[in-house]
Structure formats: C-alpha cells, structure tokens
Amino acid sequence: MNSVFDFKDTVDIAWCPGCGNFSILKALKLAINELNIAQDKLVMVSGIGQAAKTPQYIRANFFNGLHGRSLPAATGIKASNPELTVIAVSGDGCTYGEGGNHFIHTIRRNPDITNIVHNNMVYGLTKGQASPTSERGFKTPVQVTGVYLEPFNPMAVAVSLNASFVARAYAADIEQTKEIIKKAVNNRGYSLVDIFQPCVSFNKINTYQWYKENTYYLDNNHDPYDREKAMHLAFENNRFPLGIFYINNTNKTFEENLPAYKDNKLPLFQRSNIRKKIKEFLD
Amino acid sequence: MNSVFDFKDTVDIAWCPGCGNFSILKALKLAINELNIAQDKLVMVSGIGQAAKTPQYIRANFFNGLHGRSLPAATGIKASNPELTVIAVSGDGCTYGEGGNHFIHTIRRNPDITNIVHNNMVYGLTKGQASPTSERGFKTPVQVTGVYLEPFNPMAVAVSLNASFVARAYAADIEQTKEIIKKAVNNRGYSLVDIFQPCVSFNKINTYQWYKENTYYLDNNHDPYDREKAMHLAFENNRFPLGIFYINNTNKTFEENLPAYKDNKLPLFQRSNIRKKIKEFLD
Amino acid sequence: MSKIQFKNDISVVISGSAGQGLQTLEQLLLKIMKTSGFHVFAYSEFMSRIRGGNNSTEIRISNKRVASFVDRIDILFPIEEGSMPRLRSRITKDTLIIGRDKYIESSYKNGKYNIVLLADELSEKDSGKQIIMNIMIFGIITALTGIDINTASGFLKTYFKKLTEEKIADNIYSLNKAYEYTEVNLRPRISYPLVKHGKAFRSEILLYGSDAVSIGALAGGCSFVSSYPMSPSTGVLVYMAQKAEDSGIVVEQAEDEISAVNMAIGAWYAGARAMVTTSGGGFALMTEGLSLAGAIESPIVIHLAQRPGPATGLPTRTEQADLLMALYAGHGEFPRVILSPGTKDEAVTLACNAFNIADKYQVPVFILTDQYFLDSANNLSLIDFSKLKEKKYFIKTAPGYKRHSFTKNGISPRGIPGYGTGIVCADSDEHDEADYITEDPDTRMRMVNKRLKKLSAMTGDTIQPKLTGSKKYKYLIVGWGSTSGTINEAIKLIGNNDLAFLHFNQLYPLPDKTMSLLKKAKKTIILEQNATSQFAKIIRSETGHVFDYSILKYDGMPFSVEEIVKKIKKCIK
Amino acid sequence: MSKIQFKNDISVVISGSAGQGLQTLEQLLLKIMKTSGFHVFAYSEFMSRIRGGNNSTEIRISNKRVASFVDRIDILFPIEEGSMPRLRSRITKDTLIIGRDKYIESSYKNGKYNIVLLADELSEKDSGKQIIMNIMIFGIITALTGIDINTASGFLKTYFKKLTEEKIADNIYSLNKAYEYTEVNLRPRISYPLVKHGKAFRSEILLYGSDAVSIGALAGGCSFVSSYPMSPSTGVLVYMAQKAEDSGIVVEQAEDEISAVNMAIGAWYAGARAMVTTSGGGFALMTEGLSLAGAIESPIVIHLAQRPGPATGLPTRTEQADLLMALYAGHGEFPRVILSPGTKDEAVTLACNAFNIADKYQVPVFILTDQYFLDSANNLSLIDFSKLKEKKYFIKTAPGYKRHSFTKNGISPRGIPGYGTGIVCADSDEHDEADYITEDPDTRMRMVNKRLKKLSAMTGDTIQPKLTGSKKYKYLIVGWGSTSGTINEAIKLIGNNDLAFLHFNQLYPLPDKTMSLLKKAKKTIILEQNATSQFAKIIRSETGHVFDYSILKYDGMPFSVEEIVKKIKKCIK
Ligand SMILES: Cc1ncc(C[n+]2csc(CCOP(=O)(O)OP(=O)(O)O)c2C)c(N)n1
Ligand SMILES: Cc1ncc(C[n+]2csc(CCOP(=O)(O)OP(=O)(O)O)c2C)c(N)n1
Ligand code: SF4
Ligand code: SF4
Ligand SMILES: [Mg+2]
Ligand SMILES: [Mg+2]
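Residue numbers (the numbering used here), protein chains in the order written: chain A, 589 to 871; chain B, 589 to 871; chain C, -15 to 557; chain D, -15 to 557.
In isolation and in its complexed conformation, chain A is listed as follows (with noise of 0.2 Å):
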C-alpha cells in the first residue's frame, strides 16, 4: 500500500515490535485511502498513550493534546470547521479513564467525528497498570491483588446513552477492521469504534490468542437498529461480539444543531466580524 498519507522517509514509529497498534494503524490508513479522503481535510486527533501516537505515523493534519482529552479537542474542532473529517484516536486508559466525563457527554452531543479506541485493556505507556477495560484479577504493579473494579463496557455505557454508531473491532483483523472504520466514518454522527488490541508488553492475559478465543463476529442477522438486542450483545462476555452493534440515526449532529450553521455554513474562520452588528445589541 502507499498512499498520500504514508511518509517518504521511513518513520521511527516509538511501538513495541508484535504490537496491536501497527495494525490497527495499517487498517485505518487502507480505510481513510480508500474513502479518499483529502489530505489537507483529515485532522487526526488524539490525546496521551501509546495508541495516541498514531497520529504521528499520518501524514495528515493532526492535534495530539492531553492524556483524556480527545474527545473535547475533535468537537472544537468540528464545531469550528465542519467541512474537515476528524477521527479522534486514542487508548482504553485515555478515553475511558482519564477522559470517560468526555466520553458520555460527546456522546450525547453528538459532533459528527469519529472515535477509534484502542482497547488493549491496560496502560500501555505508563507501563502497565489497570486500565478501566481491564478484566477482574489482572495483576499488575499496582493492581498488586488483581483488578477488583468491575470492568468497564464501553459498548453498554455508549448504547445506554443511544450513541449514534457503537461498533467493535479486533485489532489483527485488518480487513474487517477496515470496513468498520469505514461505515464509522460514513456514519452522520458521533461514531464508536473500540478496537480490542494486544499489548505484547504488557497484558499477558488479552492475548493475540486469547482473543481469537473470545471474540467472534455479528452476522447479518444481527439489526443495529434495535437498542434492546445490541444491548444484550454488550453485556455478552463468554464470547466477544465483533462487529456493528448498534447504529442511531435520528438524532442530528452536533453541527447542524448550532444556531451558527442554520443559515450560514461556512466555517468560522471564513466569516467576517459582525462588529457592525454589535451595534443594534446595544439597542
């Protein structure tokens, strides 16, 4: 594959060899290449961990700011330009510890972005503590008897709050795992992309193995329209669904719900000062 986000040089990419991430990165970059996607129009944005640094590997526009704070960055920047595709990128930890406030409410606002989530189940650059993904009794050094805090599910939590696209993917997958980034992108809407990746370094438990073991995917039968069965397929943890589990379409974006779009749909940094304006507000 080569495409205009790939670098001429080659890129000292700062992951462990055997990583999750450097598929998830290939998935991603096939799935923006084939969406043809403009360059100059993708922002990527991330916040702090190992899987935030893909960005960094994009050619293409990026904002990597704070640990947890992706979510919050990808909205202003949406919301200032909406002409611009904005994939928000970032680890199990960021965007569901550290960042979980975020999490819920950008759900519930609904910016039309996208939120791929790498899910190893740990905190990677931090050297390996619980992340809020991590199954009961992972040890770690400060988890010293094992994870006690009930597992979080970012499936059920992003379903309960009628999230607009909620999907799963399995890292070492890259051709579904495409397709889902895809359909993602696509969506109208905020859209979950929860990538379950292995951590080589750090969790000995979620492993590539384990995960061919536990996961299997949807099939057609399944309808992502019915909130109740894409429910049940979130509390499922026998066997991992994979795959499209929920989609919600009747809510507009955050975007066309701003009074600043509804007659004018420039973006910002194109407008022109109101200042003459300003006047009649002082009536």
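Any given hint could turn out to be false.
[To be verified] Below are the DSBU-like pairs computed for lysine-lysine, each with C-alpha atoms no more than 30 Å apart in a straight line:
1. A:792 with D:113
2. D:551 with C:434
3. C:450 with A:867
If you are wondering where the hints come from, they were derived from the structure by calculation, not from laboratory data.
Could you slot chains B, C and D with the ligands onto chain A? The hints should help.
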C-alpha cells in the same frame, strides 16, 4: 418528627419555597432515623449546588466538598473508616455533569456508600442552565434554541456498569422515597437513588404535575436481579418507572477488596505506625 | 425634622430578598434615569440563593459621571424583614428611609432618623387593586427626580409591552399611586429638585461589566465560546449564547471546565477565535489545558471572573485573589498576558484586543474581572467601533509548512487545517518544527527559548498604566481592575495635590513604564481586593519595588469610595 | 595505546534500547558493588517508549560517596546500533569502549580511541550456548573491579533463584566467559585495581529516589495513597501498592487525578494520612482540590514529581519548573509548605515530616522532586528510624465541637468523624466556626486571617538551608532539590576557598535565615533546572534579593558535575 438529626434552633434553609428538595430532606431524615444510624457515625457528603446544601440541614457529620466531587470524597472517607455510614447527596449537574467520570468509576469501584441524586433536570444554583438530564428542547438563557443533547440516562448507565443498586424515586412521595433510601443504605455496595425533584424556580416543564403524570411505580412483579429487564425499564421514557430497577450483589465492595482490611478491620486512624516493619522492606 | 437637602448625586438602596424582583427594578431605574439625562451606576450584592435571604441594590443617580460603589445611602427602601440589619453601618441620620412599618428595624424608630412610612394598604393593596412594590419604588424615585408622570408611564408601557393589557394597567395604577404619594408625603420633606438633568449622555449606552466583556469579545472576532456555568462568569456565557444565532458564532455549554478549555483550544486550531469564561475553581480545572495552549502555542482567551475563595468560598461575592494563580497556572514555562479592565470602556477594548494579542503572539490571554465589575452597570458614551479591529494573523499554508518553525522573534506563522495545502500539526509532547515528537535536548532547548522569546516580542503591544490625579505626585496609589472607578472618585474627593493614582490594565508582562512611574513617588500605596497583595508581589518579583502601604480588603464586599478615602488619608497624612 | 589508569571512581555507561534489560543490569551492578564495599550511584535516562529507541544507564563505582551524574564515561558498553550518537559529547579519548564491532560508530574507529571489540561469537553465542549480554557486561565489570568469580556467581545464583536451573546455568556460563574475556583482553590494557574496597558501607542500603520518598511517607504514617499513573511519579505509587498489604494501608489507582486528590482529602477528613503522587499535568488537574484543602484546612501531602513541560513535554526527562505553579496553584489565598529533597536521606526525612507538618498546621505540604532524583539511586547509611516520628494531631471530640474554631495561632483542634461524640463538619463554602455556610463579611475576614495566620505559626518548624563549602564565602551558590549532590561534588572539585553552596530543603515559606546567609556573599549564584529561575523569583518577591548570576538548564537532561564546575568557574573568576 423529631430526631437527633434535627437542629435545636430553626435553620434558615436556602431553598425556594415549594422546592422538591424539602421533601427529599424530609424523606432522608426519616430514613436515617428509622434505620437507627448513630449520629456520630453518619457522614453526609456532597458537592456544590442546591441539592448539595442538604447536609447543612441535617445534624450529623458532613463533608461539603467541590462541585462534582462528592463521590471521590465519599469513597476516601468510607475506605479510611468503613465503620462510618456514608451518604453522598448532590444534584444532577454535580453528579452526572461535572462529576460524570466519578459517577461511572465509582459504580465500578463499588464502595459501600449511598448516592442520592436530586434530579431536577436543571442547574438550580447557577440560575437555570440545562443539566445533563434536561430533556430535549428545554430552553434556558444558555440553551437558547433548546437542549439538543441526548438526555443522560443515569439508570441505563448504572445498569450498564453493573451497579450494585439502582433505584429511582420521586421527591413528592416522601413515604416511598424514604423506603427506597432505606433499602439503598442497607444495600452492601454502591447504591444509586436518583430522585425526580421539581425545581419551582427554573424548571417549568418538569413540574409536580408533570411528574405525577409521567411516572409510575414498579410493581412486585419486577425482578430487580434481572439486568436486561432493568435496562428495558431504564429505556422507558414514555412514563418513567419509579422504584428499584436493579440489584447486583455478586461483587465485593471496595473496602472488602482492599488488602488493608484483609486481616485488620480497624479504621486507618486507629492503626499504629509501621516504622518497624519498614526495615524489613529495606531487605 | 429638618428638610433633607440632597446633593446632585443620590444613592438609592433597595434591600430585599432574592425573588422580590430587585433586578427588574434596577433595570427600570437605570434605563429611565439614563434616558432622562442622568448619569447612573448600579451594583447589586446578593447571596448565593435563588429565593429568600437578603440582597441589596445600590443605584446612583447623578449629574456627574458615577462609576463606583458608595457606602452612603441617601434613600433606603427596606422591603422585607431582614432588609436593615445588614446595612446598619451604612444607614445614617441623613438617610431617608421609606418603607412599611414592619420592615423598619425598631432601633431606628427613635425619632432621630428620617423615616417615611408607607402605609400598609398603600404598599400592598388599595381598593382591591394590587400595588406592585417595585413599581411603587420606581414611581417614587422618578417622581422625586422630577421625571414627569407621562414620561414614566410611557416608559413602563414600552418596557412591559409583552405583558397583558391588564397587567400593564396594574403597573400604571401603581405608578400613579406612587406619584400621588410622593407629592403628599415626600415633597414637603425634601428640597427639590434633587439633581439637575443633563443632555449629552441621553444617547449613551448602559452596560454591565458582563455585557462590556462580551461586546468587546464579539468586536474582537470571538466566534467560539465553550464554558461551564459558574458565578460570576456566567453572565458572559449567557450574553454570548443569546447572541449566538445573530452573530453566527458557536456557544456551547460543556460538561465541565476541562472539556470547555480543550474545546476552545481545538477551535483555535481549526481557525475559530475561542474564549472560555469561568471563575477561580473552574479555571483551576483548566490549568492543564492552559499548559497545552502554552506547549502548542495556541492562542486562547480566558475570561477569569474572580470571586472569593479558596474552594467554593463566597460564590456571589467579589475579590481579586486569582491573579497569581493566573500568572503561574499550568505546569512548565510559557508566556501569557494578563489584562484587567477597570471601566466598561476598558473592558470592551481589552476584550477585543485580547483576541488580537492572543492570535498575534499565540499565547493565552487573560481578561481578569470580578463580581463587582461584572454585576455593576453604568452609562458610557457610545463605543467607537472603528477603533476596535479584529486582526487575524493566521496564514494560508503551502506544502512543506511547519507549524512551529523557528523564527527570530519566536513567532511561527500559524496555519490552520483546510486553509492552504500544507499539513498543520500540533503536539503536546516536545516537538520539532513540524510537530513530530522529539527528545533531542538541543531542539528542546530551542523550543523553550522560542516560546519564551515571545515575551520580549510582546513589549510593543504593552498597555501602559493610566495616571490620574496630580502629575507631580508625592503619593502614588497603585490599583488594578475593578477598583479604578472607586479610587478615582476617592482621590477627587480627597483633592490632595500630591496624590495620584496609577491604574494598571495590563498586569503581566508588566508595562515597561512601571518602574519609572513608581520611582517618581515619595510613597507608594498598593490597593487590592485580596489579603496577600498579589499585584505588589508581582511588582516586587519583577522590579524589586516595595510598596510603603497596602490597602487590602477581602470580606467579599467591594471597596466603597468612603472607605478608600479614609484609608488613603491615613497613608498620606 | 597506553595503559588506561582509572581513578578510584569510575563511571560505567551502558547504552541500549528499551527492552534490552538495562534496568536489571543496573540492579545487579548496584547490589553487588555495594555489598562488595563500593560506593555506588546510578542514573538512567530513557525515552518515552517501551521498546526500541536509545537509553543509557550510568553507574558510578567509587571508594568515595557518589551521588551525582557525571558527563565523564570511563567505560562505555554500546549494545545496539544507536548507542553512540547520543553520547558523542561525552565520549573522549580516555573512554574505554567495549562492544561489538557493529555497535561502534565508525568515526571512533580511527585508532585514537580505546576500543575493545567483543567478538561476535562471544557476545552472542558460543558453542551452542547463548551468551547473555547483560551478564557478560556484569561479569566484565565485576572482574575489572576485582570481585572474585565465586562472589559474583554466588550473587547471581541468589538473585535469580526463582529462575529454572537451566536458566541459572546459562547465566553462570556467561559470567565465566566474561571473566575469561576480561583476563585476556582487558587486564593487559588497564592498570589494576580500579578502586579500593571499603567496608563500612557494606551494610548500607541502596535507595532510588522513589523508594526514599515512599519509605519516608510510610515512616510518617502515610496510610492512604490515591493516585493516577504518571511518569516520573508512578514509582512511588508502585512502591506503596507493593507494600499496601504488609503495611495495612490503602492504595488506590483513581480514575483521574481529580478523583485522586478528592479521595485523599476525604481520607484525611476521616482520619487517614493521605498522599497523592503525580506529575505537573496531573497536579494541574488537582489544583481545585488543593484549594479545597486550603478552604477546609485539610492536611494533604502532595508528591509532585517534576518533568519538563509545558503539557506532555518530555515525559521521562527531568526539570524543576513546577515550583511557582506549586506555590500559587489553587484559587483564593491559603498557606502551604513546599519541601524538596536533595539527597535520599533528606527525602526520607522530609517525606516523613511532610505528614507531621500537614497534620499539625492543617495545610497542604508538597514534596517536590524530579525525574533525575526519583530514577537515580545510591547507597546510604541505615536510616535512623528512631528519629522519624509520626506525630498525630487529631483530637477526640466532645459535644459542641466546632471544627474551625477561632484560636490564637489560627490552628483549630482537628476532630475526625466517629472519634469522640462531636459532630465534625467541613464546608468548601466560607463557613463559621462550626462549618455552617455564612456570607457575613466579618466572619469571612476572620476566617481568611485565621487561615493565613498559620503561616507565622509555622516558622518554628521551618527547615533551614544547608551550607557546605567555605564558611567565609564570597561566592554563594543557591540550589534546591535534586541538584544538591551534583553541586556539592562540583564545589569540592573546584576547591575554591571563597565558594560555598546553600541548599534549600524548604522552599516555602522561606526559611528565616535566608536573607542573612545571602547577604554575607559578595556574589550570589542561583542554579536551577528550569528556564525562568523560579526559586530566584520567589526569593526576590519575598526578600528583594537579586542574584548576580544564574545557571539554568532545561533541555531535559540533568546537570552533570563537569557542567556545573565549568559554569561556576565562569561566574567566580
Ligand atoms: C493528566 C495526565 N495524567 C497521566 C498521564 C500519564 N499517562 C500517559 S499515557 C497514560 C495511560 C495510557 O493508557 P492508554 O490510554 O490505555 O494508552 P496505551 O498506552 O495503553 O495505548 C497515562 C496514565 C498524563 N500524560 N497526563
Ligand atoms: C468547578 C465548578 N464549576 C462550576 C461551579 C458552579 N456551580 C455551582 S452549582 C452548579 C450547578 C448545580 O446544578 P445541580 O448539581 O444540578 O444542583 P442544583 O442546584 O440543581 O440542585 C454549578 C455549575 C462550581 N461551583 N464549581
Ligand atoms: S507497550 Fe503494549 S500497547 Fe504499547 S507499544 Fe508496546 S505492545 Fe503496544
Ligand atoms: S432553584 Fe430550584 S432546585 Fe434550587 S431551591 Fe429553588 S426550586 Fe429548589
Ligand atoms: Mg491502553
Ligand atoms: Mg439540578
């Protein structure tokens, strides 16, 4: 009613006449009185807002912290002294807005505390902006064209995170509210009681009348141990169910999980210094 | 009792509970007085509750410009039981107290005070019709100030045009009663007219501090506001939200302050001009975001509306104690600018320029206000919009564009994604010129230097402090922000030829004239609404200058003119 | 090539990638050297990644105490391709470079450098058996320092006792090969022995900065830690978590830093002694919580582990640029204490006392460290635990107890709920003595005064700065925190009789001797690891003192002894 939780002198209560908070205060005081909780073993914890002033009107220990931060403070208190009965009480904005991240992670952590949320679907203290639970279309000085965010569904989110106890009450029904609070306090683990509360000053939509018409009580047929059924109820928004939606007592509480309390049940303040032991750590 | 002789400057205080409609009354009086040719000023102090408690509104009506709070109460309207106790220190034998018997504290009923009792039936009902208390007070004051009944009733009809015919009639009825009452009960006891009318300021505008900041921001091209409600900053959020559709700007209530600041930084990245409006506790939550702005050199405008802390403190009261926090907030080192308006005009200008400075130097710019400033109003001459310019500094990018290129003055041309063919990147990690992560010590050092260098580049745009009073001063009072009106009025009253006042609009970086202006004084006096004299600390740490006296206040109430007069006199004698 | 003559102090640097096991090697060498009677010091600089990149570990082995980073590399082991480029400025003709051919940069292969090639087959495999690179290096160094093979192999067997027999055998095999190799290839080229053995410090302990802070905290009675992982503060969180069960303390990873700080304050309220450990960005998020502690006068201990900012900055690098943030963080005004250890002993003592000070004065106490301090280790004499006292100050309450009663020194007896029969209340709003919300201006003022008064009460417990070097100094270097070891070594090397070093452990409130000690110098020099000389700013704003020279560094790498020597010499000549 007269109890240890009353003040000798009359207290100047800072709520508006007719506010639903008065009924909640009453129900709460009845509940703790009937439960025979020792005054000096009860800690009321709150954030900031109108609802969050509740502890000021109960003669017991209280910790009124920061807006949005009642749950972490309550967790820290309970974990430091499990002998205390800890009740966190605050508003919908405080708990689900500013404090949203603590809401979801406290549910996961499962401390043995009771969380009472005065849900008036508005920011009272700051004079009437939308809260996370405000309904679509709700107009305020800031939400000029009406709320366009999906209302936050605390019941659904709590069930999706497999909370220990999830209930909804209605302020004006003091008797039922009291009963629900009693069950919540008696439940071992994190117990959510979201209470519909009319705000006579800033919410002219969700009035006493409105709640009367738009709520109904769950009957005995509802099995609170059935998670998917609970979720179904949580999704109901034609008429809103009241009562105990969900109970999950399969998980240990946070305090039970803490290695600190494995062999030693003493509250932290009663323990002696381990200076001698440190030498062993230095191997 | 002798006749009361008012000066051409009266201070009316209405004291009631939350929910008794003090705000409407304040609006009515400000508007009619201004259009009738009076200068006006209003300030409300209120408790952190929606109903009940005790609040009071001071309205000054004058034939000179007024822009400050006075302790003096010329006419007091107590309208509930708790109206008088909190005002005790301000009620004197010269105060005309007008109210129902039950609202007048008994200790004042000793014959030594000027009390006019409103008969119960008058104040509440009369021949079956409701007397509306607010309108009654409105009527008494308009009558006393010589505004004729037709003007007053015309005004009310317009103001209440959205009400039903019947309600309007009720208002007019109350107004008529008030005029009658004034003629019979008040006229004989006071000399008339109270104040002279003016003309020039009839066409002036009336602004609250919140309005002024908002209007300035709009003039500066503010196109994006993301915030979370918090007193006393919410006024600006509300103003902007109200105008969002008309102005074509984005205004969003975020789920918390962290979201607000990160949205705003994202918005600037994508070409908007964004502002957050918040108070101390909310800003504390934004400080990591502030550091992000510092790292990626994002402009951002922060309206920081101060109130007394720490923590929740006194949510609806006033203080100036967040200056040092603003200066040193955020981890790591990066430049910033702190501005603070004293007058409404300054607020308009500074808020407008805040956006230009932020954009030009790619730094955070603070607009530091406080509750007293935001919730007080006065008339001012029409804003000269031709002087308020929005200067945009972003560029159209070309291939090979590097967002953080090294330049001589540290300012890199700022591109935005989707405008031009370049790629625009921003990384919160230390980065090279094109924003790829680097740990190279040399690049790191150059990037720190580049960012800090902008502090020197900025000196050209520094706003010098304003000197009023004696040019050949021996005593110099230094103040900043909301105290300027009060200090100015105080030094005029003192009328000492050795006395001057230096008012700072820019608190950081310190204007370069600071030291030379301070040196000229024999004695310098710092006046701040905080307990630790924060601005004096900055001045000392930057220039070494030590003040001889400090006048500090931190009880939540604003300085009054009288208080300042007294305290300054102590220092200069 | 001439024979290399080492001094009694060698610096070994191993340079490899993340994942090559540098950390284990560091551990092995530190332990065996210390038990063999050497003084040791180690510091790792590493990139923010888990695998790959280039990191290096410096290990100093000496017969004098060593506690600082030197540029000098006596022996270098490059163990991957990128090993040498980043060290270029530190490699000299005196450096002995030991490594495989392909890891040695070609520019050094000009015959002018001391290179010992490790044969490929030796370094990686030999007769079918794996040579383990780490053990090979371990063996070479132990052999060179005269540790006999039996001691070394015994040590390894104990260290790796949990491994399989076979793996242990592999290690011993590699060790033997290393000894053989050293005898044949190295002995002839260097004079022997490298350093002399000591005895006294055989029984000393080895501590990293993180360990020292943790141990001090435990000694101070720390019973609750709530934090969120963040480099370089995580070491303390991990240490405490590891000891949680044994110590009976609560250690919880919070969902974010805001939760962490609020949990900790809640914990203190309920009688625990709580600490948070975080870095700049995480602390920024805690600043609202800090203000809460200020308002309700809650003790809290904050371990603030500094790294270069702003924003994400250089996550694994070192800097001292969060001092002013710590001092002025949080809205509103309230006292706090800032401590910063220079040595591991100081860290133990300060961390212990931090809890006592926090408890006694009911204020936030900072322990300010940095990556260099936390990730460096050295041996130190056994801690005298009898000197480390936990002093609890809470009281048993009685009916009528008021949590915030007014007292002469501002300190109110602190009760906790459930201990005694009183009711214990805390409110973040301004409150009266019993914590009921008040807006009374007078009570407000008294509460502010009460809180600030504690600053004076504290002076008795102030930690005075430590003077080393000449007592009759003309030149005085002032430093704080982690630089103390390096500065001390530097001034010894300079050996100037006019030179002294004043090391601050307490940065705020400034110790009262500060000014008198500074005044005695003809010239004062501030040395800080930041770009804006933050401590100098505090000193100026508090005392007026202006430093003559400043030595600053902010590229992410720690000061080296050589660098400081050079820079000081420039100032004092
Ligand atoms: C405010 C703040 N807190 C903590 C950190 C430290 N930190 C950086 S990445 C990270 C966790 C990363 O975990 P995750 O988001 O799951 O990403 P991964 O590395 O696993 O891909 C943490 C805690 C930070 N940078 N900022
Ligand atoms: C950090 C912070 N942000 C904002 C505020 C201002 N504030 C106080 S109460 C409140 C909202 C209260 O709403 P809710 O929690 O629903 O309580 P209610 O008043 O409706 O009972 C806000 C925004 C604050 N005190 N602190
Ligand atoms: S630590 Fe884990 S998530 Fe991070 S790069 Fe390595 S394998 Fe991937
Ligand atoms: S504003 Fe609303 S919630 Fe607050 S006291 Fe009044 S009625 Fe109750
Ligand atoms: Mg992760
Ligand atoms: Mg509410």
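Query raised in the report: Which of the numbered hints above does this structure break?
Result: Those not satisfied: there are none.
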